[in-house]
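Protein chains in written order, with my numbering: chain P, 1 to 413; chain V, 414 to 670.
Hint data in this document are derived by calculation from the structure and do not stem from the laboratory. Values in this document were obtained by computation on a predicted structure and should not be read as measured data. Where a beta carbon is used, it is the ideal one built from N, C-alpha and C, also for glycine. Please note: incorrect hints may appear among the correct ones.
Stated by the list, open to error - Derived contacts from chain P toward chain V, CB cut-off under 7 Å, selection only:
1) Ser159
2) Val168
3) Pro174
4) Glu257
5) Tyr261
6) Leu262
7) Met356
8) Val359
9) Gly362
10) Ser390
Unchecked claim - Rough simulated footprint, nothing fancy, chain P against chain V, three-plus residues with beta-carbon under 8 Å:
11) 481-490
12) 625-638
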Amino acid sequence: MRAKYLLTASLVLSLVAVLLSLASVDTTQYSLASYGYGNVAYPPQDWRSVPWAVVLGYLPNASVTTAGGNLSVSSVTPISLNSYELYVYQVRGVVQPYYFLSVPSLILALTSSLLAFKSTFALFYERVTGETLNLSGVGTLKNFLKKRTTSYLVTLFISSSAGVALEVLALHRPLERALKDLITMDMGVSRVYGISSTLVVLEGLSFTSLLIAITFTVSVVLSVVVVVYSLSSTNLRRVVSSWRYIGSAIATWVLSEALIYLFHFQLGVLPIGRPERSLTGYLILPFVALFIPYVGILANRVYSTASIFKPPREVGELKNLGKDVILHKHVLGHVSVVMLNGISSAFVEMLIGEAMAEVIFGWPGIGTVLRVAVSHGDMTVAEGSMLSFSLILILSAYVTDLVYGILDPRVRR
Amino acid sequence: MSRRLKFALILFLAISLGSLVLSEVELPKGEPGLPPSLTYPMGTSLDGENMVTLNAEAVWDTVLFGLLSGAITTVITSLSSLAVYGRFRVRGVLVRLADAVNSLPRLPFLLVLALILGTPTGSGIAMNFFLIALVVSLTGVGQFMRQGIEFFEADQTFRSLREVGIVLRRRARFVVTRMGITFYLPAFVDGITAFTGIGVVGGVGDPLYPTLTTLLNVAASFLYLWWIFLVPALFRALLLVSVLILADEVRKNVKVN
Numbered sequence: 001m002r003a004k005y006l007l008t009a010s011l012v013l014s015l016v017a018v019l020l021s022l023a024s025v026d027t028t029q030y031s032l033a034s035y036g037y038g039n040v041a042y043p044p045q046d047w048r049s050v051p052w053a054v055v056l057g058y059l060p061n062a063s064v065t066t067a068g069g070n071l072s073v074s075s076v077t078p079i080s081l082n083s084y085e086l087y088v089y090q091v092r093g094v095v096q097p098y099y100f101l102s103v104p105s106l107i108l109a110l111t112s113s114l115l116a117f118k119s120t121f122a123l124f125y126e127r128v129t130g131e132t133l134n135l136s137g138v139g140t141l142k143n144f145l146k147k148r149t150t151s152y153l154v155t156l157f158i159s160s161s162a163g164v165a166l167e168v169l170a171l172h173r174p175l176e177r178a179l180k181d182l183i184t185m186d187m188g189v190s191r192v193y194g195i196s197s198t199l200v201v202l203e204g205l206s207f208t209s210l211l212i213a214i215t216f217t218v219s220v221v222l223s224v225v226v227v228v229y230s231l232s233s234t235n236l237r238r239v240v241s242s243w244r245y246i247g248s249a250i251a252t253w254v255l256s257e258a259l260i261y262l263f264h265f266q267l268g269v270l271p272i273g274r275p276e277r278s279l280t281g282y283l284i285l286p287f288v289a290l291f292i293p294y295v296g297i298l299a300n301r302v303y304s305t306a307s308i309f310k311p312p313r314e315v316g317e318l319k320n321l322g323k324d325v326i327l328h329k330h331v332l333g334h335v336s337v338v339m340l341n342g343i344s345s346a347f348v349e350m351l352i353g354e355a356m357a358e359v360i361f362g363w364p365g366i367g368t369v370l371r372v373a374v375s376h377g378d379m380t381v382a383e384g385s386m387l388s389f390s391l392i393l394i395l396s397a398y399v400t401d402l403v404y405g406i407l408d409p410r411v412r413r
Numbered sequence: 414m415s416r417r418l419k420f421a422l423i424l425f426l427a428i429s430l431g432s433l434v435l436s437e438v439e440l441p442k443g444e445p446g447l448p449p450s451l452t453y454p455m456g457t458s459l460d461g462e463n464m465v466t467l468n469a470e471a472v473w474d475t476v477l478f479g480l481l482s483g484a485i486t487t488v489i490t491s492l493s494s495l496a497v498y499g500r501f502r503v504r505g506v507l508v509r510l511a512d513a514v515n516s517l518p519r520l521p522f523l524l525v526l527a528l529i530l531g532t533p534t535g536s537g538i539a540m541n542f543f544l545i546a547l548v549v550s551l552t553g554v555g556q557f558m559r560q561g562i563e564f565f566e567a568d569q570t571f572r573s574l575r576e577v578g579i580v581l582r583r584r585a586r587f588v589v590t591r592m593g594i595t596f597y598l599p600a601f602v603d604g605i606t607a608f609t610g611i612g613v614v615g616g617v618g619d620p621l622y623p624t625l626t627t628l629l630n631v632a633a634s635f636l637y638l639w640w641i642f643l644v645p646a647l648f649r650a651l652l653l654v655s656v657l658i659l660a661d662e663v664r665k666n667v668k669v670n
């Protein structure tokens with residue numbers, strides 16, 4: 001297969017990931033009502049299952065209308081009426097209707113990055129050797145995935161057991177209830193936001209997925225380009241080597257603080273916090289804070305792996321091959337496959353790094369959701385976040401294996 | 414000893430011991446939020462504390478945390494490596510155990526544990542410093558255990574307590590030394606990094622032991638005062654760079670037979 005087609009496919013997938021995440025953070029007005037007769041007005045039964053945009057700070061408003069007029073209601077709770085009468089209880093506010101698209105967006109972002117990683121290497125490979133990628137091989141993808149599925153089911157079981165154990169021990173819920181919650185992915189009602197914890201977590205994840213979808217693929221592609229050039233330039237290699245230490249030591253969140261000081265407080269050119277108008281301005285600083293350390297960290301990992309596969313100089317002489325051909329065919333060819341798992345771990349690490357950056361920037365992603373939950377003892381949201389992370393971890397590893405199986409026919413045996 | 418190793422060792426010792434000495438010295442307090450000057454070389458904090466003292470205390474507490482979590486992780490990893498000599502399928506059980514711990518997403522898992530073991534304050538979680546070190550090490554030990562177990566071949570099984578003694582006498586020093594060299598410094602960095610993670614995201618920390626993360630966490634709300642966050646950030650970077658270089662150089666230069 002030609003590398004440019006693979007690269008185009010990865011770019012299209014990346015674009016779809018961004019579009020899905022943009023849709024997932026979209027908001028709209030929504031209202032629902034219930035009516036009845038009695039001396040207590042009850043809110044609509046399923047109002048807690050509506051994806052109110054609480055992580056953006058839009059808590060739902062409530063109003064009760066009776067024959068006597070409108071009653072002011074401070075929060076969505078049952079309201080005592082003066083006498084038995086007919087009432088209409090209305091809950092309205094801003095909702096995030098497509099919040100559920102955050103998970104597919106994250107998975108697509110990872111898939112596109114894996115493809116972009118392989119295809120960028122392949123593009124250099126084609127340019128130097130004139131050969132195209134060979135994706136045919138022995139063994140079927142189905143059998144390969146069947147084997148891998150078993151191991152992921154075990155991992156899923158372990159994570160789920162930890163979730164159930166925590167629910168029983170920390171929330172003192174009966175075991176049957178904890179199991180039911182896990183199967184239905186219903187962690188209960190958030191103590192802070194008053195709506196379903198699962199919704200809160202997924203709403204936060206929408207903003208996280210938007211930032212990841214933009215940052216991760218760009219970091220992956222750039223790290224490959226940096227590595228390819230650093231293999232033939234000593235000066236660039238030194239820069240890449242130091243970048244690793246700087247990336248690990250300065251860290252995303254420290255860089256975030258420095259960027260806020262410079263661009264928000266000193267120059268006053270870029271906003272931070274919950275996005276109010278256009279998203280673009282709010283995305284720039286978190287993007288830079290994530291992008292800079294991760295290109296260095298990723299490039300170093302790729303470079304270290306490349307060093308393992310570097311053959312002795314005599315190999316080139318014996319095979320009568322040029323230095324570039326040896327590099328692209330025998331070194332980077334292996335690296336582009338072996339490192340696919342490394343990309344998957346980097347994806348998970350970036351999710352964690354992003355959680356920290358989100359807290360510093362006040363970006364309403366999963367990091368901020370976790371911060372609020374933990375500070376206020378909201379165990380259901382914290383536990384829901386843990387299970388969501390587990391699920392993403394397993395899904396991302398599964399997707400990596402799938403892409404691995406497609407791109408490297410040897411593993412299908 | 415290579416030049417890089419010497420440089421990293423001197424930098425690490427200078428930062429650690431310098432901070433230990435400075436944290437014991439009584440320096441004058443001042444007006445809240447003063448920028449650096451000759452009287453206050455690193456400025457003053459929001460409650461008028463001398464930032465030299467605060468930074469010194471924070472650096473030392475961070476080093477202490479790293480030393481503690483490095484020690485806990487290395488001891489557990491070494492013990493598990495010795496345990497692979499056991500008669501039963503200890504290796505298999507330990508590998509599965511390590512995989513189980515590794516399969517849990519560490520940051521949210523740590524936060525859930527902090528919620529159970531600590532006290533939410535409205536802006537974070539107050540939790541005992543030593544308990545945090547223990548929990549952080551226990552959740553991170555899986556990745557080291559996995560590597561540690563693979564280090565040694567299970568070529569021997571215990572048939573009696575006497576054999577256990579013989580193996581321990583013959584191999585324990587080798588295992589512990591090798592484990593120490595290979596895992597202590599990476600575990601030191603891992604401990605600090607994980608603590609940073611829960612400190613930044615969850616505000617987890619012990620008010621009695623403020624670390625560099627605690628300072629940077631407080632500074633996050635006052636980022637217009639550059640000396641409140643830039644100086645601790647610089648110390649954190651220098652400390653981690655010195656330990657990362659030390660870890661790399663020790664692995665490269667020190668051989669254990």
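Hint by hint, here is what the structure shows:
no.	hint	result
1	Ser159	6 Å, holds
2	Val168	12 Å, violated
3	Pro174	18 Å, violated
4	Glu257	5 Å, holds
5	Tyr261	5 Å, holds
6	Leu262	9 Å, violated
7	Met356	4 Å, holds
8	Val359	6 Å, holds
9	Gly362	9 Å, violated
10	Ser390	6 Å, holds
11	481-490	violated (count 0)
12	625-638	holds (count 5)
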